[in-house]
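Engineer: Could you build all of it, start to finish, from the sequences and the hints given here?
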Amino acid sequence: MAAFRQNVQAAIPALRRYARALTRNADVADDLVQDTLVRALRSEHLFQGEEVRSWLYTILTNLNRNRLRSLARRPVHTAIGDDDAIDLAGPEAGMRDIERALATLVEDQRVALLLVVLEGLTYREVAEIQGVPIGTVMSRLARARAQIKAYLDGERPALRRVK
Amino acid sequence: MFDRDQPVTEEELHAYVDGELAPERQEAVEAWLSTHPDDTARVGAWRAQAESIRSRYGAAASEPVPARFDVARLARRTWPWKSIAAAAALAFLVGGSAGWFGRDMWSEQARSEHSPFQQFTAEAVDAYNLYVVEVRHPVEVPASDADHLVQWLSKRVGYQLRAPDLEKLGLKLVGGRLLPGPTGPAAFFMYEGPSGDRYTIYCARSNAPDTALRYNDIGKATAVYWADNDIAYVVSGKGDRTKVNDVATAAYDQIDSHRTPAKSGG
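Heads up: the sequence lines are chains H and C, in that order. Numbering of the first sequence is given in this note's numbering, commencing with residue 5 and proceeding in unit increments. Numbering of the second sequence is given in this note's numbering, commencing with residue 319 and proceeding in unit increments.
Hints are supplied without guarantee of correctness; some may be wrong.
[Claimed, not checked] Covered stretches of chain H, as calculated for chain C (at least 3 residues, CB under 8 Å):
id : stretch
1  : 13-22
2  : 101-115
3  : 122-130
4  : 138-152
It is worth saying that the hints were derived from the structure and are not from the lab. We put the beta carbon where it would ideally sit given N, CA and C, even for glycine.
Structural biologist: Below, the structure written as structure tokens:
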């Protein structure tokens with residue numbers, strides 16, 4: 005029980021990072037993290053001893069999907085990333101581009117891509133979190149990458165170096 | 319050796335980028351890339367994307383974790399009705415629709431008309447609707463007499479109250495009043511923002527089980543309820559739900575950090 009809570013606490017920074025990229029809004033992201041923690045603690049007794057971190061990613065991913073569904077039902081507009089306005093110049097411009105590119109993805113593809121490249125999870129872990137076969141994770145990744153590339157190529161024909 | 323002859327698939331290119339490629343195919347993929355500039359460019363673009371994503375969001379993991387995420391504290395406020403929680407969690411895990419802030423997740427019992435949650439949010443929103451439209455007499459005791467207000471209400475509701483300071487959210491205390499509540503006298507504080515938007519906090523003693531923040535939309539108002547240590551609280555507001563949520567979170571945090579033991583007054 006104490007170990008469970010320690011593992012939950014230790015996962016918070018990564019959950020905030022994931023939620024931030026998933027929602028592209030720091031406030032919404034932190035609310036999502038808090039909801040995730042409350043859900044996890046409430047269901048602590050259901051936890052079967054698998055990887056705590058993966059379980060938290062699963063809860064957060066599901067909560068966000070539900071959030072998007074209810075947003076779709078009752079339109080509330082959230083400006084993309086206006087919580088940390090940075091001028092569109094220099095390396096930040098590239099950051100804004102990737103943010104917009106992520107926004108164009110289908111949610112399942114965005115989840116797969118972020119869990120792999122940002123959170124460093126394996127295909128197998130992502131498959132468990134999304135509840136799909138590994139092949140589906142791979143095709144989501146492929147589509148996400150193709151979409152981002154197309155977006156960035158179209159947006160800025162003279163693609164500047166990202167480094 | 320033989321692997322070299324097998325054409326490289328797109329899946330393998332992704333696996334190569336993500337460090338998931340079977341070791342025996344590593345060499346074959348590298349050889350393929352050395353003779354296929356288009357694929358090399360694609361792999362380069364994917365890596366650049368990953369790098370952009372990490373540089374855009376990576377820092378979020380190094381920020382100090384806010385106090386609201388303290389697990390020990392959150393655990394104190396989770397739902398004590400384990401079996402209901404289990405059912406709700408299960409419904410959630412199998413993909414049941416948990417609406418905004420999970421409000422659809424509550425069990426029938428929690429939703430029943432007689433639950434403290436329903437009673438308190440209904441009363442609080444009634445009071446909100448009744449008094450926020452008042453121009454001349456929104457409160458009985460104005461904020462200019464805040465010390466007296468808090469002492470008087472504390473005495474009547476039977477525990478030491480605090481009126482949270484919401485200046486950080488741009489809200490000033492207007493004042494407060496005493497109201498009848500579902501289980502006894504209730505204290506009612508009103509706050510006002512620069513554009514005249516008003517939020518209220520309604521609280522009273524109650525034997526309701528402790529909960530984290532719960533949301534209820536009643537008409538055009540949003541009520542955020544929680545119960546802690548035999549006191550039930552409801553923050554109400556209209557318009558932007560995020561703002562109502564921010565007000566509730568701020569009040570919750572302040573009340574939590576200054577909690578004093580309940581004592582009966584007279």
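Engineer: So, for every hint listed, does it hold in this structure?
Structural biologist: We went through each hint and held it up to the structure:
Counting residues of the stretch 13-22 of chain H whose C-beta lies closer than 8 Å to any C-beta of chain C gives 6; at least three are required, and the coverage claim holds. A stretch counts as covered by a chain when three or more of its residues have a beta carbon under 8 Å from one of that chain; for the stretch 101-115 of chain H and chain C the count is 5, and the coverage holds. Counting residues of the stretch 122-130 of chain H whose C-beta lies closer than 8 Å to any C-beta of chain C gives 3; at least three are required, and the coverage claim holds. Under a criterion of three residues with beta carbons nearer than 8 Å to beta carbons of chain C, the stated coverage of the stretch 138-152 of chain H is upheld, 5 such residues being counted.
Violation of the numbered hints given earlier is absent; every hint is satisfied by the structure.
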